[in-house]
Amino acid sequence: MTQVRRKRWLVAACLATLLSPVQAAKVEFFDDINEGPIPLGQEEHRYLAFGEVMFDYYRHANFNAINTLLVNQQQALFNEDTDYAELLLGDLYVTYGLPGKAEVIFNRLLEKDILSRTRAQTWLHKAALHYREGNLAEAAMILDGENVEGLDPADDARRRLMLANIFMAEEDFAGALDYLHSVPLSTDEGRYATYNMGVALIRGGHREQGVALLKSLLEAGGSSDQALALRDRAALASGLTELREGKLQSARADLRQVRSDGPFSEDALLALGLANYRAGEIKRALPLWLEAVRRNSSHPSVQEALMLAPRAYEELGGLPQALAGYQYAASEYRQALKDIQKAIDNIAKPGWSEALLPEDGNQAGLLPANSGDLAQGNELSYLYKLFSSNAFAQRFEHYRQIHQIKSMVEKWQQSLPALQETYQIQQQSLSRNLPHVRGEMTRHMSRQEQLALASDKVSAAIPNFVDMSKPQDVANAEQAIMWKKVDAMARQFGTLPGSSHANALRLRKVRGLLLWDIAHQSIEQRQKQEQAATQLREESSVLGERIAAVQQQIRDATLRTRDDLGQRLAEQTQRIETIKRLTEDTLEALEKSMQADALALLLANQQKLADQLAEAHLAVARLQDSSASDGSKQRTGS
Amino acid sequence: MKALLPLCGAFLIGLCTVASAADDDGLSEQIRQLKSEALDLNRDLTLLEQELLYASPQTSIFVSVDVGTPIRLVDVNLTIDGQHVGYHFYSDQEFEALTKGGIQRLYTGNLASGRHVMEATITGYDPLGKDYQKTTSYTFTKGAGKKMVEMQVVDDLNKQQHKFEFREWNQQ
Chain A
1 MTQVRRKRWL VAACLATLLS PVQAAKVEFF DDINEGPIPL GQEEHRYLAF GEVMFDYYRH
61 ANFNAINTLL VNQQQALFNE DTDYAELLLG DLYVTYGLPG KAEVIFNRLL EKDILSRTRA
121 QTWLHKAALH YREGNLAEAA MILDGENVEG LDPADDARRR LMLANIFMAE EDFAGALDYL
181 HSVPLSTDEG RYATYNMGVA LIRGGHREQG VALLKSLLEA GGSSDQALAL RDRAALASGL
241 TELREGKLQS ARADLRQVRS DGPFSEDALL ALGLANYRAG EIKRALPLWL EAVRRNSSHP
301 SVQEALMLAP RAYEELGGLP QALAGYQYAA SEYRQALKDI QKAIDNIAKP GWSEALLPED
361 GNQAGLLPAN SGDLAQGNEL SYLYKLFSSN AFAQRFEHYR QIHQIKSMVE KWQQSLPALQ
421 ETYQIQQQSL SRNLPHVRGE MTRHMSRQEQ LALASDKVSA AIPNFVDMSK PQDVANAEQA
481 IMWKKVDAMA RQFGTLPGSS HANALRLRKV RGLLLWDIAH QSIEQRQKQE QAATQLREES
541 SVLGERIAAV QQQIRDATLR TRDDLGQRLA EQTQRIETIK RLTEDTLEAL EKSMQADALA
601 LLLANQQKLA DQLAEAHLAV ARLQDSSASD GSKQRTGS
Chain B
1001 MKALLPLCGA FLIGLCTVAS AADDDGLSEQ IRQLKSEALD LNRDLTLLEQ ELLYASPQTS
1061 IFVSVDVGTP IRLVDVNLTI DGQHVGYHFY SDQEFEALTK GGIQRLYTGN LASGRHVMEA
1121 TITGYDPLGK DYQKTTSYTF TKGAGKKMVE MQVVDDLNKQ QHKFEFREWN QQ
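Taken in sequence, the protein lines are chains A and B. So that you can map any letter, position 287 of the first sequence is 287 in our numbering, and since no number is skipped, the others follow by simple counting. Just remember that our numbering sits 1000 ahead of the position in the second sequence, which is counted from 1.
These are calculated hints, taken from the structure and not from any lab test. Keep in mind that a hint or two might mislead.
[Said to hold, decoys possible] With the Cβ distance kept under 10 Å, some of the chain B side facing chain A (calculated, not the full set):
no., residue
1, Leu1045
2, Leu1048
3, Glu1051
4, Ala1055
5, Lys1100
6, Lys1146
7, Gln1171
8, Gln1172
Here the structure is a predicted model, which is why all the values come from computation and not from measurement. Glycine included, each C-beta is placed from N, C-alpha and C at the ideal position.
With the hints as constraints, model all of the structure from the sequences given.
Pasting the structure below:
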């Protein structure tokens, strides 16, 4: 049985190395249940430990997943031979921003004689690392080579996407398209790649091809928020391209597909109005811009629409409405300028970056914890623009991770004194109690041994048949007492008063009836005895295990009284302090850099708004002047 | 109005997010160094804590579920010998992690040797969204070495609910 189980573990281990780290955990390692306790071998231990890692990995607690892998590595549970754990650790290092450590692992794996699929996966991870690091040529060389042959379909799709993106970056659109065609539009990755490809083609001057790709997204499935937002974005990009080319009809058709309550609705309203305006349909442009004006005035498209709506009124001859519109635009710009100033002041305040952190430490999203407060001051819309910059988003991700480290270090800093105190209490308690426990244990061991012997003896003494030559052995308690009395009377019958023949017959009858009674229940009674003996043996065995457990604890405790754990704990104080200081310095540097980015963005916005405000004031003055001059012309009759 | 046309170009952002080259300045190196040291520190302190708090004969209870189960586990409540020792409410992400093969350590502690009865109560939703609660108990004997118990919550296809299966390991 043990050999069969071992074989199963071996198969499981092989499967685990065959499949990707993600898939390895999906393998069901058992097909049998409730066999009672089995020995905890290394593979069984690995199964549980790797399952724990996968739990953290899939719930996106990457720091915990790395820690569990490292702890198990230190305990020699995972080592260089557990390829699946190595591959996952490398992948996690890449995600956590430690490419150097990841590369060491990947290179080590590639030097080994591993299964071809694991090898292909390792090459893919290595290519992804180069890709992430911006070494596109090296990434492309791996991804286009023979090393990655034999990947499963999901990994192969990932490979093709990376290659398509690399070709796009090199403006080799034909090459990119070759790889992109095989990536299905039904996946998020496929849709994003298609969008990126469409935009890249447009930027590269291949407008028709680009627009065709973007339009293909409008028909693509997907009902998630992400998919719908991307569809809006594709419709907007396609519409704007056609607008620039003067294909107004087609542009309007695309822009109308942008959802009116989606994240790109303001942009679409502005652009659709613009398409109508260019088609000479000013009356159809006006309601769209008026709708845009009603939206959040911190949005750049709304800010543009604030000037376009009165301009349309002006061209339609509605001068009073135009004047009111320009005045409204000026007041909105002033308010937006105030909001920006407020945002600038907020950024300068200490703790600004911390307020951007998500509530859940593991969450990698960018929605700040206090988004409600920020939204009230219209700061959030500026921040979203900030987060759309790759450089800022990366810096913020570093900030989030370092902040997580800071929390971790602070937690350990608080825990360490408690751990040291626990150690002291343990030492005192063990020194006080160990001698007594050791002495008592010797006595208890002897008692347990005697008990085990006795229970074995009792079990052995029970015959596997019913022997009526000793009725007391198969009688129940009541019958046994009765039998003892009757038997004693029979033995001493002649010496007892009233030992008449009639009484002898009576006694014989009673004895016979009692024997019959005992014999009648003897099988049931024997079964009970056997059950009791079995139970006694089990109890005795549990007691034996308890003795062994206490002995183990005594050994542990003896080692504890002699070990240097206290010293090792004390050594961590300085280490924690150093890392904490380094964490604070890094956070400060990152915060300054993020503040500088945010300030630059806000100042650019401020400048643009100031220009728009000036334009609005000029328009107001122009209209007021023309109105005054018309009035004076009328008064003078000219 | 022509001034607005460049605006159209500005919308065409979001070109493939080919990762930009890493910032190889001092701050990036400092961040990498710090992350690496933090991982080492966390690993060493975790080991020290385990060494201090959990002697060699520790007991651990794990929870796992059937891969790809259509039944949603909401929470689990664990008692050992009538003492409440663990409760966990599963977020969507955590439950998804379990259905993909993750194993959760629900309890680790130092139990006295001998017989123990653990009782687990789970709340879940069946595939039709109806909620239900189930309780199971399991008896195990704690000996000298480590004891690991895996409680697998598996589909009971007849009842469209969960049932429990237990696996138990002893360190020799």
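Report task. Hold the hint about B:Leu1045 up to the distance rule: shortest CB distance to chain A must be less than 10 Å. Result -> Result: holds, 5 Å to nearest chain A Cβ.
Report task. Would you check whether B:Ala1055 satisfies its interface hint, that is, whether its CB is within less than 10 Å of any CB in chain A? Result -> B:Ala1055 check passes; min Cβ-Cβ to chain A is 5 Å, inside 10 Å.
Query raised in the report: Can we keep the B:Gln1172 interface hint, with Cβ of chain A closer than 10 Å?
Result: holds (5 Å)
Query raised in the report: Should the hint that B:Gln1171 touches chain A count as held when the rule is a Cβ pair under 10 Å?
Result: holds (4 Å)
Query raised in the report: Was the hint right that B:Leu1048 lines chain A, CB cutoff 10 Å?
Result: holds (6 Å)
Requested in this report: With a cut-off of 10 Å on the beta carbons, see whether B:Glu1051 makes it to chain A.
Outcome: holds (6 Å)
Query raised in the report: Should the interface hint for B:Lys1100 be scored as holding, given a Cβ-Cβ cut-off of 10 Å against chain A?
Result: holds (5 Å)
**Report entry** Agreement of hint B:Lys1146 with chain A interface, Cβ distance less than 10 Å
**Finding:** Holds - the Cβ of B:Lys1146 comes within 10 Å of chain A, reaching about 6 Å at its closest.
The earlier numbered hints are all upheld by this structure, with none contradicted.
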